[in-house]
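Novice: Okay, here's what each chain looks like letter by letter:
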Amino acid sequence: MDGSGNAAFVAFERVQKSYDGETLVVKDLNLSMPKGEFLTMLGPSGSGKTTCLMMLAGFETATHGEIKLDGQSINNIPPHKRGIGMVFQNYALFPHMTVAENLSFPLEVRKISKSDREAKVKRALDMVQMGEFGNRRPAQLSGGQQQRIALARALVFEPELVLMDEPLGALDKQLREHMQFEITRLAHNLGITTVYVTHDQTEALTMSDRVAVFDDGRIQQLAPPDKLYEEPDNSFVAQFIGENNTLLGKVEEISGETCKVRLDSGELIVAKPVNVSEVGERTRVSIRPERVEMNMERLQDGAFTLKAEVLEFIYMGDIYRTRLRVAGHEDFVVKTRNAPDQPRLKPGERIEIGWLPEDCRALDS
Amino acid sequence: MSDQTASGRPESPQSPVAALPGGEVTERDQDGPMLAADGRPLKSSLARALRREKLRALALIAPLLVFIFISFVLPIADMLFRSVQNDIVADTLPRTVVALANDPLEEEGVPSESTFAQFYTDLYIAEEYKEHTRLGSRLNYEMSGISSLFRGTGRAVGRFDTDIYADQFEAADPAFEDPAAWADWMADDDIRAALPLTTDAYDAWAGIAVELDEDNPAEEDPEDIVYTSLYRDLANGAAPPAPFPQVDVSGFESVSIRELFIEEDEDWADPEVWETIRAYSSRYTSGYFLNAADMQTTPEGVELRPENERVYMTLFVRTLWMSLVITFSCILLAYPISFLLATLPARHANLLMILVLLPFWTSLLVRTSAWKVLLQNEGVINDILVWIGIVSDTNRLALINNATGTIIAMTHILLPFMILPLYSVMKTIPPSYMRAARSLGAKDWTAFWRVWFPLSVPGIGAGSILVFIMSIGYYITPEIVGGTRGVFISNRIAYHISTSLNWGLAAALGTILLVVVLALYWVYDRLVGIDNVKLG
Ligand SMILES: Nc1ncnc2c1ncn2[C@@H]1O[C@H](COP(=O)(O)OP(=O)(O)OP(=O)(O)O)[C@@H](O)[C@H]1O
Ligand SMILES: [Mg+2]
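Protein chains in written order, with UniProt numbering: chain A, 1 to 365; chain B, 1 to 536.
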């Protein structure tokens, strides 16, 4: 599922962007999306997500490189001719027009006849279940309703590509979850290619076909959500997506699919080498809290184990969250399912922990 | 808890009770209003609490409010009040006003002898107090020539041949020669009641003696007005009781005061003079307003002045029209500038802003005078146009001392007042609207015209109101560059305030201007809606 090659609908090729001529905000961006894909750009603030979106929409020009839409370079096509639907973070609904006028605006500028316009506006409003709100002004709508109108407006002229820049940022959690569902449903039903920007990782993981994790102007990893979570390519992605335990050490031996890492505290563990290639290299070993095993019976024979001391035990309903001191790190977290056979630990208890070698990834440091 | 509260309110023992966390209790009668903890209706409790807050807030600003009221509202109200105030005739000629009101003016519109006699008394007193000239100039606004009539007759009135009465009375009874006797008589209520005209004249004369000459009336011979009045009282059949000397005046030689006046100046026989005095004798007048609206009172009623005399109407129309033109030129010039201000990067925008604000740091007079230099016949602009060859040397443009000059200079001076509100409104339009419009397929111009422009209209509204209202009352610039054809109504008001001293007319013009502005404001509110105006 790499989406490269001729099938690419949207393609960034070696794109760079600088605003001030001194620093690159986007550094060497390569990305290709097949038609119909829902791709999310995820990354910390200032990592260049909006900039990428704006370059695609035509409001910023790439300093270097090419952006292609459906095989054609769009570097020199003005925004209004790109036919890209866009949902802005603050919705950007025109306050002086009613909802229906807002929706019919893109149709009017496309010189679509009045009757067609009305039909399309009605269809778009129904699509987002806002059929009765045509005569209201945006200011008379709630945040979620405005959001839906913005979505309907971006879709009403049937664009093949829709860009959304943190469209749910202003909504409360419940509404946000509802809208996440609604947006993905619409995007899939209509077969639209979507580029979605967020810095909420849950949103990214639940909605997308693929997620592009941005940092420092580069895509750190581009992968489907499950792969991103379970097989992070580097320590930034491992840290950024989900909760993560890291242990620092040095590679001692690499043999194919496994490697041995000597932790700074002296213990030896087995890990899966991801981006370490040489013996003696420093590494950051990453284990997901829910992949840490405290029940030794479940571990394979010969698995490496570590001694740990319980520092904190938090009951969270569905799970237990235990903070441990492991190999000199005090922020090692283990999550265990709340099951009848699961012991409730007390601070000060000493236990042993272990994991499967493939869950423990040796990454760059 | 419930029992406790219920027992406190025996009239509704079963009222449901809700306890508030603070231990206070709110209850509601079965179907009565919500009650507060002390049993009063919640609504009135709330109103009381709010009122206390409001009063406290009011007390905080009270000193300022009083200051504004005294230094701002009162003077304006006083000034506006002058437009209908007309005390001077009633104050200066009180007796004449009463007499005129009862005088049928049978003899070709000229008052009767008795009215003239009252007028004689009035004018005599006014002359002593030197008030007849003020009255004359006031009435001169309504009828030219009255001023000199009053001045001239005022000088002569002391020399009227009424001294024959004094001589005849003194000859009839020597008691009249004694000022002290006069003082005694005039202290006697019965005598006063019997001789109303005499009493009135004597009191006025005594007042003059005390106030102006610092004399004791009991030591001075009464003036002719007193004897004239006495003659008229007695001729009317008055019978003053003793100790007033019994004098029979039927044999006295008499003079007609009416004739004396007409002899002095035949204009006193002009019915128009008396019509004017009568018309302006009430304490309130619509005269100033009629005048300000280019109307006049004629015997047939109120009518417009002849076309060539309609000064104020022309000025009002010109003021409104030119203010409109100035407002529109301000919009035209300010819009692009504000657009640049709002959209340029901060560094350039700040520079531009300084240029916009620069005029505020320069004196208004300097700026206006600079326009004189630029616009005059041999001025910079004409020179450049001639040099380029657009106009010939013999045919230089008349850019100053006319409406053009006023419009150019005022547009420049009022421009910042259009730019600032426009800018602050434009600044609040998020750039994402334009982007949204373009991403939806609108060309730059369409996006601007359909999205950006409508959102900036409230700024135009605010700026227009500001500029229009300021320009309608502008004075200094039209005065300097407007010549005669480019002056505004305010220049006329200023003229009446400081030169012709016709404050009543100035106040009437000002009131009309105020009403026009308020009416326009109302129309504007109706058409555009004042809610659609914002200053940012
Ligand atoms: N118009 C601009 N001029 C100069 N620098 C800019 C401009 N817009 C963005 N930048 C810079 O480019 C970098 C990337 O900005 P961008 O808006 O793309 O970040 P982002 O990933 O969208 O962040 P966020 O999640 O906070 O929206 C930031 O460092 C920002 O300061
Ligand atoms: Mg952004």
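It is possible that part of the hints are untrue.
[Said to hold, decoys possible] Derived DSSO-like pairs: lysine-lysine, alpha-carbon spacing no greater than 27 angstroms straight-line:
#1 B:LYS130 <-> A:LYS68
#2 A:LYS111 <-> B:LYS443
#3 A:LYS81 <-> A:LYS120
#4 A:LYS81 <-> B:LYS372
Hints were generated in silico from the structure; no laboratory data involved.
Novice: Determine for every hint whether it applies to the structure shown.
Specialist: Verification of the supplied hints:
At roughly 98 angstroms between alpha-carbon atoms, LYS130 (chain B) and LYS68 (chain A) are farther apart than 27 angstroms, so this suggested pair is violated. For the given pair, LYS111 (chain A) sits about 12 angstroms from LYS443 (chain B) by alpha-carbon distance, which is consistent with the 27 angstroms threshold. Proximity of LYS81 (chain A) to LYS120 (chain A) is assessed by CA-CA distance (about 20 angstroms); at most 27 angstroms being required, the pair is judged to hold. For the hint linking LYS81 (chain A) to LYS372 (chain B), the alpha-carbon distance of about 52 angstroms lies beyond 27 angstroms, and the restraint is violated.
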